[in-house]
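Chains W and E, in that order, give the protein sequences.
Okay, so the first sequence: first residue is 1 according to the numbering used here, each after it adds one.
Okay, so the second sequence: first residue is 1 according to the numbering used here, each after it adds one.
Hints were generated in silico from the structure; no laboratory data involved.
Some hints could be false.
With a cut-off of at most 30 Å between alpha-carbon atoms, the simulated DSSO-like pairs for lysine-lysine come out as follows [unchecked claim]:
{"no.": "1", "chain 1": "E", "residue 1": "Lys57", "chain 2": "W", "residue 2": "Lys71"}
{"no.": "2", "chain 1": "W", "residue 1": "Lys71", "chain 2": "W", "residue 2": "Lys54"}
{"no.": "3", "chain 1": "W", "residue 1": "Lys68", "chain 2": "E", "residue 2": "Lys57"}
{"no.": "4", "chain 1": "E", "residue 1": "Lys13", "chain 2": "W", "residue 2": "Lys54"}
{"no.": "5", "chain 1": "E", "residue 1": "Lys13", "chain 2": "W", "residue 2": "Lys68"}
Given the structure is predicted, the values throughout are model-derived calculations rather than measurements.
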Amino acid sequence: DQQVKQNSPSLSVQEGRISILNCDYTNSMFDYFLWYKKYPAEGPTFLISISSIKDKNEDGRFTVFLNKSAKHLSLHIVPSQPGDSAVYFCAARFGNEKLTFGTGTRLTIIP
Amino acid sequence: KAGVTQTPRYLIKTRGQQVTLSCSPISGHRSVSWYQQTPGQGLQFLFEYFSETQRNKGNFPGRFSGRQFSNSRSEMNVSTLELGDSALYLCASSLISNSYNEQFFGPGTRLTVL
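The shape of chain W in the complex, shown without the other chains (with noise of 0.2 Å):
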C-alpha cells in the first residue's frame, strides 16, 4: 500500500521556467513533509520540509505548498537551473513514526 505517492516518474522543464513537481498522501496523520534530491551515484539530500500546521513553505528557489483537505504536497523550483536535473523524492512522517517515501520524479532541465 503505497501510501505516499508521485504519479510522475519524470517531468522535463526548460531552463528558466518553473518546475512543479507533486506528491499525494493517503494518510491523514502524517503531520511532516519533507523533500529530497538524488543526483546519479550519489545518496539523496534534504532539500526543503513543511510541517502540517503550515500550507507553504519558502528557501530561495524553492517553494513547498501543502494542501491538507486534498492531501496534496508539491514542489516549486523557480527559475529552474540545469543543475536542478535530480530525482525528487517527497516524503512523509507521523510524530516519531519512520519516514514514508515516494517513488521518486526525475526531473530534467533542458539548456
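Position chain E relative to chain W; hints supplied.
Showing chain E alone in chain W's frame:
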C-alpha cells in the same frame, strides 16, 4: 567533515547467499537508518539504530537484520538472498534519533542478486 561512507559500493551475489553491508556515519552522529531503494517502490525504510539500540523497524522480513557498534558504525545483513533483494541500499546518519531533516545519506551499496 567526512560524509557518510558505505562499503562496498557494489556487490554481486547469488540466490541463497548472505551479505553484510557496512555504514560509517558522520563523526559524532549516533543515529543510523537504512533504506532500500528500488525503481518501483522508491525508498523503503528498513530500520534505525541509535546508541546501539534498534529504535524503529520497517516492514521487511526477518532475513533483513542490522546492528550498531559502540562507535556508531552500523552493519546490515541479508540472509538467504532472493532475486527481489537486488536494490540500492542506503544508509543515513543524524546526530539524534528521528532528525529526518538533518539526516545525511551515504552513496549507497548497489546489490545485485543473480
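Hint-by-hint comparison with the structure:
Of the supplied pair hints, the one linking Lys57 (chain E) and Lys71 (chain W) holds, its CA atoms being roughly 25 Å apart against a limit of 30 Å. Among the hinted pairs, Lys71 (chain W) with Lys54 (chain W) is consistent with the structure: their alpha-carbon atoms are about 13 Å apart, no more than 30 Å. Under the criterion of a C-alpha separation no larger than 30 Å, the hint pairing Lys68 (chain W) with Lys57 (chain E) is consistent with the structure, at around 27 Å. As the CA atoms of Lys13 (chain E) and Lys54 (chain W) are separated by approximately 47 Å, the hinted pair breaks the 30 Å bound.
Of the pairs offered as hints, the one joining Lys13 (chain E) and Lys68 (chain W) is violated, with about 44 Å between alpha carbons and a cut-off of 30 Å exceeded.
Of the numbered hints stated above, those contradicted by the structure are hints 4, 5, listed in ascending order.
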